[in-house]
Every structure is written in structure tokens, then in C-alpha cells.
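**Q** The residues making up each chain are set out below.
2 protein chains.
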Amino acid sequence: MDKKIKIGIYGYGNLGKGIEIGIKNNKDMELVGIFTHRNPTDITPIYEESKIYSSNNIEDFKDKIDIMILCVGSALDLPIEGPKVAKLFTTIDSFDTHAKIYNYYQSMNTSAKENNNLSLIACGWDPGLFSLNRCLFESILPLGENYVFYGRGLSQGHSNAVRKIPGVKNAVQYTVPYDEAINQVKSGKNPHFSSVKETMWRECFVVLEENADKEKIEKEIKQMPDYFAPYNTVVHFISEDEFQKNHTSMPHGGFVLRSGKTSKNTNQLAEFSLKLDSNPEFTASVLLAYARAIYKMKNLGTTGAISVLDVPISLLSSKTKEELLNKII
Amino acid sequence: MDKKIKIGIYGYGNLGKGIEIGIKNNKDMELVGIFTHRNPTDITPIYEESKIYSSNNIEDFKDKIDIMILCVGSALDLPIEGPKVAKLFTTIDSFDTHAKIYNYYQSMNTSAKENNNLSLIACGWDPGLFSLNRCLFESILPLGENYVFYGRGLSQGHSNAVRKIPGVKNAVQYTVPYDEAINQVKSGKNPHFSSVKETMWRECFVVLEENADKEKIEKEIKQMPDYFAPYNTVVHFISEDEFQKNHTSMPHGGFVLRSGKTSKNTNQLAEFSLKLDSNPEFTASVLLAYARAIYKMKNLGTTGAISVLDVPISLLSSKTKEELLNKII
Chain H
1 MDKKIKIGIY GYGNLGKGIE IGIKNNKDME LVGIFTHRNP TDITPIYEES KIYSSNNIED
61 FKDKIDIMIL CVGSALDLPI EGPKVAKLFT TIDSFDTHAK IYNYYQSMNT SAKENNNLSL
121 IACGWDPGLF SLNRCLFESI LPLGENYVFY GRGLSQGHSN AVRKIPGVKN AVQYTVPYDE
181 AINQVKSGKN PHFSSVKETM WRECFVVLEE NADKEKIEKE IKQMPDYFAP YNTVVHFISE
241 DEFQKNHTSM PHGGFVLRSG KTSKNTNQLA EFSLKLDSNP EFTASVLLAY ARAIYKMKNL
301 GTTGAISVLD VPISLLSSKT KEELLNKII
Chain G
1001 MDKKIKIGIY GYGNLGKGIE IGIKNNKDME LVGIFTHRNP TDITPIYEES KIYSSNNIED
1061 FKDKIDIMIL CVGSALDLPI EGPKVAKLFT TIDSFDTHAK IYNYYQSMNT SAKENNNLSL
1121 IACGWDPGLF SLNRCLFESI LPLGENYVFY GRGLSQGHSN AVRKIPGVKN AVQYTVPYDE
1181 AINQVKSGKN PHFSSVKETM WRECFVVLEE NADKEKIEKE IKQMPDYFAP YNTVVHFISE
1241 DEFQKNHTSM PHGGFVLRSG KTSKNTNQLA EFSLKLDSNP EFTASVLLAY ARAIYKMKNL
1301 GTTGAISVLD VPISLLSSKT KEELLNKII
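Residue numbers (this note's numbering), protein chains in the order written: chain H, 1 to 329; chain G, 1001 to 1329.
It is worth saying that the hints were derived from the structure and are not from the lab. These numbers were taken from a predicted model, which means no experiment stands behind them. We put the beta carbon where it would ideally sit given N, CA and C, even for glycine. Treat the hints loosely; a few may be bogus.
Stated by the list, open to error - Residues from chain H that face chain G, not an exhaustive set, calculated with beta carbons under 7 Å: (1) Pro-127; (2) Ser-307; (3) Asp-310; (4) Leu-325; (5) Ile-329.
Produce the entire structure from the sequences given, and follow the hints as far as they go.
**A** In C-alpha cells, the structure reads:
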């Protein structure tokens, strides 16, 4: 039997936990350890056998880990820590600040290349699988338009913004696409949406502290600049019981649609969509499949930084070439 | 400006015409010629400027064509002609006999490799984009099930079978998936369908010759072994006018769905779907995007036979790496 791919988890939030769970679904992988910035003894992993180490000690694992999966925050942590870890390990991350991806690519590429490592950046579902389909769709249907819809899904950033309002005990925010907007696109009309608020609205479920002022809080949410003011926002007040029962998972999803013409009256519609019970567990599953791919690419000599667009899909599979041609094609 | 990718069309049926149309949508490509088994003077191309040559003369174009797109029949012609053309050109085809793909791969691989050419086999949407998603989905969600639904779409083979019945002047057959079956899959229930007839039915639109026996023909269609007998089949008799108005385009489409679990109670659903006004024009568009990719791969030194699973999606695009990272990821 082939030896297993040795995985390290760097950072232990929702995504890191998703990786810890996901490794169990992939028989060709094993978890070497979880590396945390916190005190390792303060961490309780999901599985008793998972080993917790301090992130200060990653250098000791240089030859014991094949792929280090970076699960620290994308906004503040990855730009600084990514290039450092890429000096020591072949890495994969879910960097998701679209506007800064090219800069991040450059610094990861330098670190990885100089140290003979490979780094797959901006993996997950968006950026990630959605990027793959945006590229595929516009290459196949050059005369057309890409549309992306998010949701129904929990937005962590917007949920946090509501939770910070005094008087709010607990809150979640779901991003919800308008069916009418989706149907317009699917009809092949290639509608123009002047802003994202024409394609989606925001739904909040809020648990109040005792004696909190309902009307004031609803107003405060709806008027919050950037986060809610530009959007159609609906606020529901619910009990803590209902919150715990119905709003503690992290569902998400969305669509990439392309509507394009191949000749004057011939419309063609391509769609990629996800409906996820757990956003972090799915993102983790995508990262693990791509970890398998970059493990193979690294062994074939690829170094530097790459994106999902650079990875042949066959490498994600644990099937042989013959199996793929016989069973998958 | 970069020089254009020089395309040859080998075989001039519906797919060949789709390629002729599709090249106009890709500014980095040009048509060198259409190669036919028939007498070139008997062929009228869609665009006056398209040049028609005899397929006997392809050898004269060895250094004038970058990619030869094989548009001859998949069942009988490709297994014989594919390996011959692959000795002379870098080729792409839509070989679609799933059960024989591995054999076909081997003969194309030998021909292409020995002659320093590259051959992309079994491209299109199924096999092709659907294969890509079957592989992607099962790699990401190893604990799950793939489902494929076809339609609503015109089946050429079944339409021909109906047209051969004496008394039938004209006919089309559409394959239609059952909504209930699709909804069961989308609900995450992972249903088991014991045969394809549980997932789709067949709808025929038939124009009769004068004095033909309606009831006899309906019976003959519904009892036709393999083609219709195993399925729920509905037959409509229509006028030639209605046929010409509503049933002469070649729509098709379908879905690849994967429903899988990442942990005990967490279901994740991924879907890729196509809704096509013209099956041959869309298939041609897929082949052209992949023609761009294998043109680049050939220039980088790849030879032999490959499938869509072996092609990084970035190569399908005419965008630069920086543009892809900035605008697509």
C-alpha cells in the first residue's frame, strides 16, 4: 500500500476543525498535528487522538508533514504568516480577499519557489470552485456574461456586526438571492444588475438581551452603513431556544451561471451550484482534494505558487488513469 | 499581435458546422479548411470564405494546421480514422462510446506519441464537462453518490429510429428527466435508481405520411426493443408545419449532481448543469476552448493522448496569468 499523505493543520478555527473531520473521509491521508497560536493545552480537538502543538514549533515538523493546510484568518493572518510557512512546507490556503490575490500570489510564489516548495493559494469554493467555473464558462462561451449569486447562506462578518450591537445576545445573518434575479438570468435575457442589492437581500435572526429595545435595535441594524443600509434587510426576533435549535449550523451555497450565445439566436446556459449544510466542512473537503493534487504535483517537481486554475482535475482523484478513463470519463 | 491558432475541421456534419460557426467567436483562431470525405464541390459551407478540401489531401496541410478537430462519426469512423489523423496532426475529438474509451485512448496515445503529436480525446459535454465534474465532485465528497440526468434534449439516435418506420415522414425524440427523481436527489436522500427508466422518459413528435396508420405506428414506436420498449414513451402526431416551426433545432442539456456527507448529519450538494439551445454548437464551443489549451500544451512539449481531466482550466482561457488572478479567481 502507498504511504499516506501527511497533513498538518495550521490554525484551529472552524476551517481547521473541518479539515480535522475531513481527513477521516480520505483514506489516503493522515493528520500529523494541529498547530495553534494559543496554548496547546487550552485546545480540545474533535478527536481525542489528534495531536496539538504550538505553531512556534512548526520547524520541527519540516520533514514529517507533506502538506500544511493554512487555516488562519485570511484578512490579517495569511498575508503575514502564509509566506513564512511557505518557506518550510508545501502549503494550501483559502485566501479570499479577491482584490489582493495577485499581491498575495507574488509573495507566496517567491517564498515557495526560493525554498523548493509548492503553494496553492485561494482554494475553497469562492475563490476556488467558483473561480474554476468562471474561467471554464467564459472560455467556452466567449460571447456571454457570468453571474454569481450567493446563498441562502450564513455570513460570518455580517452576523458578527449584528452581535456587536448592545442589547443583542445572539444573531445570525443569511444572505438570500432573489429568485426573480436568478430566473431572469436563467431565461437567457442577460440582465444587467447595477448593484449587488438587486440580486440579494439580507435576513437576520436576533436574540435580545432582557429589556433590550427591539425597535431601536432593528433600526440600528437596518441603518448600519455598508453592512445593511444598502440592502433590503429583514430582521426577525427569536428566542434563544429557537436560535440554538435552528441557527447554529453554517449553511451556505450559491451559483455561478453563464448565459452566452454561440450564434445569433442560439442561447446556451451553464450553471455550477452548491447547497451546503456546512460551509467550513465543505471548504475543508475542497482543500483536502486539492492537497492530494499538489502532493502529486510537488513530487513531479512543480514549485512556486499556483491557483486551482493550474491544477488538472485528474490529480484530485485517488483513482488511476485507467480507472478514470474507464469509470469517470 | 500573437499569431492565430490554425484550425482544421475533419468531417462536416452538425459538429463540423458548429466548429465553423464557433471559430468566429474566438478572435485568436482561424479556420484553415474543412476536410470532407464527400466531393468538395458538393459541399456548401455556412460562410462563403470557408475552404473545402478532400480528406484525402490532409497530408498537404501537415505544417499549415495547428489543431485538427475530428468531427466524423464517433461509433464507426473515429476508431479507424482517429489514429490515422493523429499521426499527422495534434487532434481533438468527441469520441463518446463510454465503454470503449480506454481502448480508443490506447490507440490514439500510440499514434500521437510516436509522431510527436498530442491528442485530446472524448471532449465535449458528456464525455467532457460532465466527466470533469464527476471527477471533481467525487474527489471533493468521497462519501456520496453521483447522479446524471439528461434532457430535456433531442436524441439523434432515437429520432432516426422513429424516422425509419414506414409511414413516418419526419420525427424527433426528446429525452426528458423526471422532476421527481431530480428533486429526490436534491433533497439529499441519495435515492437508488435500479434503472435509467426511473429517471427519464421519452417524448416523440411524429409527422405521418398521407394515409399512414396512426395506431399501428404508435404501437410500433412504443414496442421497439431497447430504444423505447423499456421506457415510458409518449407519442404526439403533429403537422409538417408544426414540425418545421418547433422541432428543427437541436436542444439538449442535463445535470451532474453529487450528494455527499462530510460528517454524520451534514449533507452537501454540488451540481453542474447545462441548458442548450443547440447541442452541436455548444459541443463545438467546448472543443474550441480545449483546442486553445492543447495548442499551448503541445508548445510546452506534451505529446500522446490525454483527456479533459488532464488539462488545467487556466489553459482554456485567452487571459494572462495576471488577468486570471486579478479578474477570475
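**Q** It remains to establish, for every hint, whether it holds in the given structure.
**A** Results for each hint:
1. Against a cut-off of 7 Å between C-beta atoms, the interface hint on H:Pro-127 holds, since the closest Cβ of chain G lies about 5 Å away.
2. Using the Cβ-Cβ criterion of 7 Å, the hint placing H:Ser-307 at the interface with chain G is satisfied: the shortest such distance is roughly 6 Å.
3. Annotation: H:Asp-310 was flagged as interfacial toward chain G, and the flag holds, the nearest CB pair being 5 Å apart, inside 7 Å.
4. For the restraint placing H:Leu-325 at the interface with chain G, the shortest Cβ-Cβ distance is roughly 5 Å, inside the 7 Å limit, so the hint holds.
5. Hint on H:Ile-329 holds. Least Cβ distance to chain G is approximately 5 Å, under the 7 Å limit.
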